[in-house]
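Peer 1: Please model the complete structure; the sequences and the hints are all you need to start from.
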Amino acid sequence: MTAADFIPVLIQILLAIGLGGAILTASVIFGQRARRNRIKDTPYECGMPPAGPGRTRYSVKFYVTAMLFILFDIEVVFLIPWILSYREFLVNGIPIIGPIAVFFGIFILGLIYELKKGAIQWEK
Amino acid sequence: MELVPLLLKILYAAIMLVVVLTIAGYSVLIERKVSAYQHGRIGPNRTTTPFIRPIPVIGPLLTRLGIIQLPADGLKFLFKEDFTPPYVNRPFFWAAPLIAFVPSLAVIAVIPFGQYTSPLTGEMIPLVLAPMDLGVIFVLAIGSLSVYGVVLAGWGSNSKYSFLGGIRSSAQMISYELSLGLSIFPVFLWMNAPGSDAGLSLSSVVEAQNTMWFLITCPLSAFLFLVGIFAETNRLPFDMAESETDLVGGFHTEYSSFKFGLFFVGEYGAMAVGSALFVLLFLGGWNFLPFLANPWPAGWIGSVLSVLWFLVKVVGMITFFVLIRWTLPRYRFDQVMKLGWTVLLPLAIANLIVNAAAVAIHDLW
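Top line first, the protein sequences correspond to chains R and Z.
With the first letter of the first sequence counted as 1, position 33 gets the number 33 in the numbering used here; the numbers rise by one all the way through.
Add 124 to the 1-based position in the second sequence for the numbering used here, that's all there is to it.
Worth flagging that the hints you see were computed from the coordinates, not collected in a lab.
Think of the CB as a built atom: it goes at the ideal place given N, C-alpha and C, for glycine as much as any other residue.
A portion of the hints provided could be inaccurate.
[Said to hold, decoys possible] List time: in silico DSS-like cross-link candidates among lysine-lysine, alpha-carbon distance up to 30 Å:
| hint | chain 1 | residue 1 | chain 2 | residue 2 |
| --- | --- | --- | --- | --- |
| 1 | Z | K437 | Z | K133 |
| 2 | R | K116 | R | K61 |
| 3 | R | K117 | Z | K462 |
| 4 | Z | K204 | R | K40 |
| 5 | R | K61 | Z | K462 |
| 6 | R | K40 | Z | K200 |
| 7 | R | K40 | R | K116 |
| 8 | R | K116 | Z | K133 |
[What the hints assert, rightly or not] Computed list of chain R residues with no C-beta within reach of chain Z, every gap over 10 Å:
| hint | residue |
| --- | --- |
| 9 | I23 |
| 10 | P49 |
| 11 | P99 |
| 12 | Y113 |
Peer 2: Laid out in structure tokens, this is it:
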């Protein structure tokens with residue numbers, strides 16, 4: 001593929017952004033106007049007066065999940081070149097099964113370690 | 125680049141956009157109608173306009189089907205008060221609906237939707253705006269950007285329900301992305317035979333399924349991909365983003381008017397793209413049926429038929445999404461995470477290893 005083949009993708013993205021912007025603008029222009037008051041300007045909490053700040057403290061597990069995702073996702077991305085060349089290598093007798101077995105071994109060991117550590121145990 | 129081909133490309137892109145928006149809009153109608161029938165109700169059946177009502181036979185039928193419901197809902201979104209609460213973080217609050225809306229419409233450029241068989245040479249050309257050899261990776265990469273819309277909406281709203289909904293669903297979406305990515309690899313492992321230049325393109329997946337669907341040869345991959353798509357599009361039973369019973373509206377609690385509408389359209393657009401992706405990867409795309417040769421004749425009639433057959437499959441998948449919504453109960457958040465990391469991810473890895481071993485046995489003996 002040359003750079004010119006990507007032009008339709010660029011056009012599509014720009015059109016989507018343009019359409020979204022146009023819809024937001026139209027909504028501002030055509031929307032009703034209504035008066036504000038003190039109650040309307042409070043965050044929605046089922047009719048109760050809001051208690052405390054909007055962004056409360058939250059579980060550190062969310063950070064752990066995000067970090068684990070980055071680690072495992074990079075391992076998944078590293079598999080893509082292997083998928084494209086695996087059968088070619090097999091037929092031509094280039095050793096591929098051993099190296100990829102080591103890679104999968106590291107992948108699975110990491111997963112087992114993470115699960116044993118309780119990184120995604122939310123109940124406790 | 126010349127001016128005329130460029131304008132033509134812009135026209136095609138605009139047509140694609142309109143078609144996908146229409147599918148997304150009418151899948152709301154499908155959702156409401158199918159939900160209603162599952163509950164023993166009728167669903168939207170009285171919205172009409174003065175131009176349609178008086179037509180004999182067809183007018184009342186269209187009214188009863190709720191065809192006018194979509195433009196009516198759109199106009200209602202447009203004319204409601206566009207309220208920006210004073211306590212929000214304005215840049216994030218305004219950017220979030222746009223970021224949730226754009227990815228699902230941007231990826232349609234690389235999705236093939238039919239074929240054209242030349243009557244002279246018999247050569248088959250897939251109909252697609254940008255025939256990218258990285259198709260699947262592009263769709264997954266851009267499609268997963270919509271998680272930023274959810275996170276920014278939750279963070280920017282500065283409200284407890286929005287915040288909890290935002291971080292919960294972002295944790296869910298990134299967790300299921302792993303098994304989603306791993307689940308499609310066996311398909312491409314089988315496809316990239318020595319000497320083939322199939323790569324990761326979506327049109328070669330459809331070509332490879334000419335008489336045999338990958339749903340039959342890789343059923344576990346299909347199942348894992350389906351679950352991943354449900355989680356990525358925040359559909360029930362993985363409805364962490366909204367979860368009305370404990371979070372009111374989730375990340376879009378504070379949104380009103382068409383800012384909320386953009387989230388809505390983006391969600392249904394993602395559902396339509398996810399359905400199209402599942403059809404392309406596992407249900408044979410526009411190929412007729414497994415074990416049967418394509419009946420599409422050469423020339424434009426055949427391409428119209430193939431596009432229509434593809435659309436029938438996509439609409440069937442959307443209906444399946446809705447049927448599942450009213451069949452399975454919602455998971456609790458810790459159950460969602462546990463299912464993703466301890467069941468689906470090991471299953472996806474095992475599936476990939478088994479397929480790799482099968483490929484090795486197949487190729488070496």
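Peer 1: Hint by hint, note whether the structure agrees.
Peer 2: Hint check:
no.	hint	result
1	Z:K437 x Z:K133	26 Å, holds
2	R:K116 x R:K61	15 Å, holds
3	R:K117 x Z:K462	14 Å, holds
4	Z:K204 x R:K40	16 Å, holds
5	R:K61 x Z:K462	13 Å, holds
6	R:K40 x Z:K200	21 Å, holds
7	R:K40 x R:K116	48 Å, violated
8	R:K116 x Z:K133	53 Å, violated
9	I23	5 Å, violated
10	P49	13 Å, holds
11	P99	12 Å, holds
12	Y113	13 Å, holds
Hints 7, 8 and 9, counting from the list given before, are not met by this structure.
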